[in-house]
Amino acid sequence: MKFCKKCVMPDTRPGISFDNEGVCLPCRHAELKKNIDWDARLKELKQLCDKYRRKSESEYDCLIAVSGGKDSHYQVHIMKEVMGMNPLLITVEDLFTQTEAAKHNIYNITRAFRCNLIAFKPNPVAGKKICRYTFEKYGRPSWYFDRLLYSVPLHYASILKLPLLVYGENVAYEYGGLDKTENYSARELIYNGVAPDISLEELMGLGIDESELIYLKAPGREALDKIDPMYLSYFVEWLDQRNYEFAKSRGFKDLSNEWERTNYIDNFTHVDSYGFVLGSWLKYPKFGQAFATDFASRLVRNGLITRDEAVKLVEEKDHNVDRRIIEDFCKFTEMSPEEFYCALEKLYNKEIFEKNRFGQWRLKPEIIEKRRNP
Numbered sequence: 520m521k522f523c524k525k526c527v528m529p530d531t532r533p534g535i536s537f538d539n540e541g542v543c544l545p546c547r548h549a550e551l552k553k554n555i556d557w558d559a560r561l562k563e564l565k566q567l568c569d570k571y572r573r574k575s576e577s578e579y580d581c582l583i584a585v586s587g588g589k590d591s592h593y594q595v596h597i598m599k600e601v602m603g604m605n606p607l608l609i610t611v612e613d614l615f616t617q618t619e620a621a622k623h624n625i626y627n628i629t630r631a632f633r634c635n636l637i638a639f640k641p642n643p644v645a646g647k648k649i650c651r652y653t654f655e656k657y658g659r660p661s662w663y664f665d666r667l668l669y670s671v672p673l674h675y676a677s678i679l680k681l682p683l684l685v686y687g688e689n690v691a692y693e694y695g696g697l698d699k700t701e702n703y704s705a706r707e708l709i710y711n712g713v714a715p716d717i718s719l720e721e722l723m724g725l726g727i728d729e730s731e732l733i734y735l736k737a738p739g740r741e742a743l744d745k746i747d748p749m750y751l752s753y754f755v756e757w758l759d760q761r762n763y764e765f766a767k768s769r770g771f772k773d774l775s776n777e778w779e780r781t782n783y784i785d786n787f788t789h790v791d792s793y794g795f796v797l798g799s800w801l802k803y804p805k806f807g808q809a810f811a812t813d814f815a816s817r818l819v820r821n822g823l824i825t826r827d828e829a830v831k832l833v834e835e836k837d838h839n840v841d842r843r844i845i846e847d848f849c850k851f852t853e854m855s856p857e858e859f860y861c862a863l864e865k866l867y868n869k870e871i872f873e874k875n876r877f878g879q880w881r882l883k884p885e886i887i888e889k890r891r892n893p
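Letter by letter, the sequence shown follows residues 520 to 893 in this note's numbering.
Calculated from the structure, these hints are not laboratory results.
Watch out, some of these pointers could steer you wrong.
[As the list claims (entries may be wrong)] No more than 35 Å apart at the CA atoms, straight line, and that leaves these computed lysine-lysine pairs for DSBU-like:
#, residue 1, residue 2
1, Lys-767, Lys-570
2, Lys-850, Lys-802
3, Lys-745, Lys-574
4, Lys-640, Lys-524
5, Lys-850, Lys-767
6, Lys-648, Lys-745
7, Lys-640, Lys-622
8, Lys-562, Lys-552
9, Lys-553, Lys-599
10, Lys-767, Lys-574
11, Lys-562, Lys-521
12, Lys-805, Lys-745
13, Lys-836, Lys-874
14, Lys-831, Lys-772
15, Lys-656, Lys-521
16, Lys-889, Lys-524
17, Lys-767, Lys-647
18, Lys-865, Lys-850
[Unchecked claim] Using C-beta positions, here's what the derived DEER-type ranges look like:
#, residue 1, residue 2, range
19, Met-723, Ser-577, 38 to 44 Å
20, Pro-533, Arg-891, 32 to 38 Å
21, Thr-781, Leu-679, 21 to 27 Å
22, Thr-616, Asp-744, 27 to 33 Å
23, Asn-635, Asp-716, 31 to 37 Å
24, Asn-868, Glu-600, 43 to 49 Å
Heads up, the beta-carbon is just placed ideally off N, CA and C, and yes, glycines get one too.
Make the full structure from the sequences, and use the hints.
Right under this line is the structure:
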C-alpha cells in the first residue's frame with residue numbers, strides 16, 4: 520500500500536494511479552487546472568447553452584441533476600443566473616432518515632432560484648432488499664441510490680426531450696478514477712465506478728420484479744445519442760469551499776447544531792441523510808481510506824492545509840464511523856446489530872488491517888508509517 524507524496528490518497532482507491540514520482544493523478548490534475556483559462560471555458564459553456572436555448576421563455580431548456588447540497592446550489596446559479604437558462608431540476612431521494620438541513624435545502628434551492636423540481640421517490644420495498652443485499656455481498660450499501668442518482672436524470676432528459684443535462688463534477692477525473700483525460704461530456708458517467716453494473720437477473724433473485732428495476736439501467740444507445748449530458752466542472756473551477764460559501768449566501772444550511780459526525784472533517788458535504796453516508800465510510804475497511812481521506816486530500820490540493828495536517832485529520836477521523844449512520848441503515852434494512860457487524864467483519868481487508876488488543880480493526884503500523892512518510 521503506497522500513499523501519494525503530495526496528498527494522503529493511497530493506491531488502494533479503485534481506479535487511482537500514481538506517476539513515476541509517486542504523485543496521484545488527481546493531484547496532477549489539480550496542478551493542470553492552475554493553467555486553465557476559465558474565462559475561455561465559460562465562453563465555451565455559453566456556446567453550448569446557446570445551442571440548446573429554447574426560443575420561448577415558457578419552455579425549459581436544460582435539466583439539472585441536484586441533491587440540494589452546496590454544489591447543487593452553485594450549479595443552478597451558474598446555469599440560470601450566469602448563463603440565463605430556464606432549468607428544470609430533478610432529484611432522486613434516498614430512503615434513509617433525512618436531516619433537518621436536507622429538508623430545508625431541497626426546498627431552499629427551488630425558492631432561492633425560483634425553479635421547478637421533479638422529485639423521484641424510489642420503491643422502498645425494492646430499495647430495502649437491494650441495500651441489504653449489496654451491503655452484505657459487495658460492501659456497497661448505497662449502491663441502489665447511487666445508481667439511480669446517475670441513471671434517472673438520463674431517463675428523464677430523454678423522456679422530456681431536454682437534451683442538455685447538467686451534472687456537477689466529474690468524480691473520476693477530480694478525485695481519482697477511470698477518466699484520465701478531461702472533457703465536458705458526461706455520457707459515460709454511469710460507468711465511472713461509483714455504482715458499477717449489477718445484472719437485473721441477480722437482483723430479481725431477491726424476489727423483485729423486473730418492472731421495478733427499469734431505472735437502474737441506462738437508457739439505450741439510441742436514446743443516449745439524443746441527449747448531451749455535461750459536467751459543469753469542465754467549464755468552471757470546482758472548489759468545495761467556494762461552492763459552500765456561495766451556497767450559504769443563498770440560504771443553504773450545513774449540519775451545524777444538528778449533527779457532529781465523528782468520521783467527517785467538515786459539516787457541509789453529504790448532509791442529506793444518516794444511513795446513506797455509510798457507503799462513503801465503507802471504503803475504509805475495504806481500501807483503508809474513507810471520506811476523511813478524500814476531503815483532506817482535496818484541502819491539500821487546494822492549498823488550504825499541509826500534508827502533515829491532513830495526516831493528523833485522517834488518523835483522527837477516517838476509522839471512526841458515526842453510530843447514527845449504522846443505526847439508521849439498520850433501521851431501514853431491518854438488520855439487527857449482530858447481523859450488521861457480522862457482515863462488516865467480513866469486509867475488512869486482512870492485508871492492510873489487524874485487530875488490536877481491544878478487538879478494534881486498525882491499519883497495520885507499517886502502513887500508518889507509510890502514510891506519514893511516503
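Status of each hint after checking the structure:
1. Lys-767 <-> Lys-570: Distance ~32 Å between Lys-767 and Lys-570 Cα, so the pair holds.
2. Lys-850 <-> Lys-802: Distance of about 21 Å is within 35 Å: holds.
3. Lys-745 <-> Lys-574: Since the Cα atoms of Lys-745 and Lys-574 sit roughly 19 Å apart, the hinted pair holds (cutoff 35 Å).
4. Lys-640 <-> Lys-524: violated (43 Å)
5. Lys-850 <-> Lys-767: holds (32 Å)
6. Lys-648 <-> Lys-745: Cα-Cα ~34 Å, so holds.
7. Lys-640 <-> Lys-622: Within the cut-off at roughly 14 Å; holds.
8. Lys-562 <-> Lys-552: Within the cut-off at roughly 17 Å; holds.
9. Lys-553 <-> Lys-599: Satisfied, since the Cα-Cα distance of roughly 26 Å is no more than 35 Å.
10. Lys-767 <-> Lys-574: holds (33 Å)
11. Lys-562 <-> Lys-521: violated (40 Å)
12. Lys-805 <-> Lys-745: violated (38 Å)
13. Lys-836 <-> Lys-874: holds (18 Å)
14. Lys-831 <-> Lys-772: holds (27 Å)
15. Lys-656 <-> Lys-521: Roughly 27 Å separates the two Cα atoms, so the pair holds.
16. Lys-889 <-> Lys-524: holds (10 Å)
17. Lys-767 <-> Lys-647: holds (33 Å)
18. Lys-865 <-> Lys-850: holds (21 Å)
19. Met-723 <-> Ser-577: 38 to 44 Å: Holds, at about 42 Å.
20. Pro-533 <-> Arg-891: 32 to 38 Å: At 23 Å between Cβs, range violated.
21. Thr-781 <-> Leu-679: 21 to 27 Å: violated (42 Å)
22. Thr-616 <-> Asp-744: 27 to 33 Å: violated (39 Å)
23. Asn-635 <-> Asp-716: 31 to 37 Å: Check passed, 32 Å falls within 31 to 37 Å.
24. Asn-868 <-> Glu-600: 43 to 49 Å: holds (46 Å)
The structure fails to meet hints 4, 11, 12, 20, 21 and 22 from the earlier list, while all remaining hints are met.
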